[in-house]
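Engineer: Chains A and B, in that order, are what the protein sequence lines are.
Numbering follows the numbering used here, in which position 101 of the first sequence is assigned residue number 101; successive positions increment by one, without gaps.
Numbering follows the numbering used here, in which position 55 of the second sequence is assigned residue number 55; successive positions increment by one, without gaps.
Please note that the accuracy of each hint is not assured.
What the hints assert, rightly or not - List time: in silico SDA-like cross-link candidates among lysine to any residue, alpha-carbon distance up to 20 Å:
1. A:Lys2 <-> A:Asn22
2. A:Lys79 <-> A:Arg59
3. A:Lys42 <-> B:Gln6
4. A:Lys42 <-> B:Ile12
5. A:Lys42 <-> B:Ser86
6. A:Lys106 <-> A:Ala17
7. A:Lys45 <-> A:Asp82
8. B:Lys13 <-> B:Glu53
9. A:Lys45 <-> B:Leu88
10. A:Lys45 <-> A:Gln63
11. A:Lys106 <-> A:Asp82
12. A:Lys2 <-> B:Gly40
13. A:Lys45 <-> B:Ala87
14. A:Lys45 <-> B:Gln41
15. A:Lys42 <-> B:Pro107
16. A:Lys45 <-> B:Gly40
17. A:Lys42 <-> B:Thr112
18. A:Lys106 <-> A:Asp39
19. A:Lys42 <-> B:Thr9
20. A:Lys45 <-> B:Thr112
21. A:Lys45 <-> B:Arg110
22. A:Lys79 <-> A:Ile110
23. A:Lys106 <-> A:Gly16
To be verified - A few chain A residues that don't get close to chain B, going by computed Cβ distances all over 12 Å:
24. Pro14
25. Glu15
26. Gly16
27. Thr18
28. Ser28
29. Glu56
30. Gln63
31. Lys79
32. Thr85
33. Thr100
34. Gln108
35. Pro111
Claimed, not checked - Reference excerpt, derived from the structure (chain A facing chain B, CB under 8 Å, subset only):
36. Glu43
37. Pro44
38. Lys98
39. Ile103
40. Gly104
If you're looking for bench data, these hints aren't it; they were derived computationally from the structure.
Small disclaimer: the values here were computed from a predicted structure and weren't measured.
Yeah, the Cβ is synthetic: ideal placement off N, Cα and C, and Gly gets one too.
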Amino acid sequence: RKEVEQDPGPFNVPEGATVAFNCTYSNSASQSFFWYRQDCRKEPKLLMSVYSSGNEDGRFTAQLNRASQYISLLIRDSKLSDSATYLCVVNRGTGYQKVTFGIGTKLQVIP
Amino acid sequence: ETGVTQSPTHLIKTRGQQVTLRCSSQSGHNTVSWYQQALGQGPQFIFQYYREEENGRGNFPPRFSGLQFPNYSSELNVNALELDDSALYLCASSLSLAGTYEQYFGPGTRLTVT
Numbered sequence: 001r002k003e004v005e006q007d008p009g010p011f012n013v014p015e016g017a018t019v020a021f022n023c024t025y026s027n028s029a030s031q032s033f034f035w036y037r038q039d040c041r042k043e044p045k046l047l048m049s050v051y052s053s054g055n056e057d058g059r060f061t062a063q064l065n066r067a068s069q070y071i072s073l074l075i076r077d078s079k080l081s082d083s084a085t086y087l088c089v090v091n092r093g094t095g096y097q098k099v100t101f102g103i104g105t106k107l108q109v110i111p
Numbered sequence: 001e002t003g004v005t006q007s008p009t010h011l012i013k014t015r016g017q018q019v020t021l022r023c024s025s026q027s028g029h030n031t032v033s034w035y036q037q038a039l040g041q042g043p044q045f046i047f048q049y050y051r052e053e054e055n056g057r058g059n060f061p062p063r064f065s066g067l068q069f070p071n072y073s074s075e076l077n078v079n080a081l082e083l084d085d086s087a088l089y090l091c092a093s094s095l096s097l098a099g100t101y102e103q104y105f106g107p108g109t110r111l112t113v114t
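Based on the sequences and whatever the hints tell you, model everything.
Structural biologist: This is the structure:
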């Protein structure tokens, strides 16, 4: 089983739709969790950290479920500019970083 | 605030050659991590440097090595290049404080091995 698993997609959604991605992780000792956004042929950019209590940033909501070992990202009112690959990142480091990226989920928002 | 920079942007090498990639970390950050991203894959962790010492390593052979300098900039060296080493190499910097491991990436170096 992969350490971090994501559905690669693509998810094709109309503008204005709500879309959700899940990401599962296998190591229950994982410490911190992130979502990154990566545009084609560009570097990943930090979208948001994922906290145990869940967190929201505008149209984006991230949740963590430690019992089931998954994190989720919800995007409301999708914009064309949201089209990108969304990378789930899990850090199981304690004292040092041991970071594992998922393969990424490709989102295409259609006019 | 200065972001993460990498050089060169693109590089073409021949199998068996050696390459050095460079990274300047974001101002105030003391930790640098290197990743390899093959086409259609997520970034794979190579290793991390904290205060000039290797602080963690992924599943990469010893021909992948690195350095971190007192100003926290870093180099990635790859010896005996193989065709499979063709990828985007990303450097990420962070400030390692307990509980916070947010990383900020440079634009990457695209390496092609022929």
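Engineer: Beyond 12 Å on every Cβ pair: is that true for A:Pro111 relative to chain B?
Structural biologist: Since the minimum Cβ distance to chain B is about 26 Å, A:Pro111 lies beyond 12 Å and the statement holds.
Engineer: Is the Cβ of A:Thr100 more than 12 Å away from each Cβ in chain B?
Structural biologist: 7 Å, violated
Engineer: Straight-line Cα separation of A:Lys45 and A:Asp82 no greater than 20 Å?
Structural biologist: Distance ~13 Å between A:Lys45 and A:Asp82 Cα, so the pair holds.
Engineer: Checking a non-interface call: every C-beta of chain B should be farther than 12 Å from the C-beta of A:Lys79. Is that right?
Structural biologist: About 23 Å separates A:Lys79 from the closest Cβ of chain B, which puts it past 12 Å; holds.
Engineer: Within 20 Å, alpha carbon to alpha carbon, are A:Lys2 and B:Gly40?
Structural biologist: 16 Å, holds
Engineer: Is A:Lys2 within 20 Å of A:Asn22, Cα to Cα?
Structural biologist: Holds, at roughly 15 Å.
Engineer: Run the distance test for A:Lys45 versus B:Leu88: straight-line Cα separation, threshold 20 Å.
Structural biologist: It holds: about 15 Å lies between the C-alpha atoms, which stays within 20 Å.
Engineer: Does the structure keep A:Lys79 and A:Arg59 at a Cα separation of 20 Å or less?
Structural biologist: 10 Å, holds
Engineer: Please verify whether A:Lys45 and B:Gly40 have alpha carbons no more than 20 Å apart.
Structural biologist: 17 Å, holds
Engineer: Taking the minimum C-beta separation from A:Ser28 to chain B, is that value above 12 Å?
Structural biologist: Non-interface label on A:Ser28 holds, nearest chain B Cβ at 18 Å vs cutoff 12 Å.
Engineer: Between A:Lys42 and B:Thr9, does the CA-CA distance stay at or below 20 Å?
Structural biologist: 11 Å, holds
Engineer: Are the Cα positions of B:Lys13 and B:Glu53 separated by 20 Å at most?
Structural biologist: It is violated: about 28 Å lies between the C-alpha atoms, which goes past 20 Å.
This entry does not satisfy hints 8, 20, 32 and 33, going by the numbered hints stated previously.
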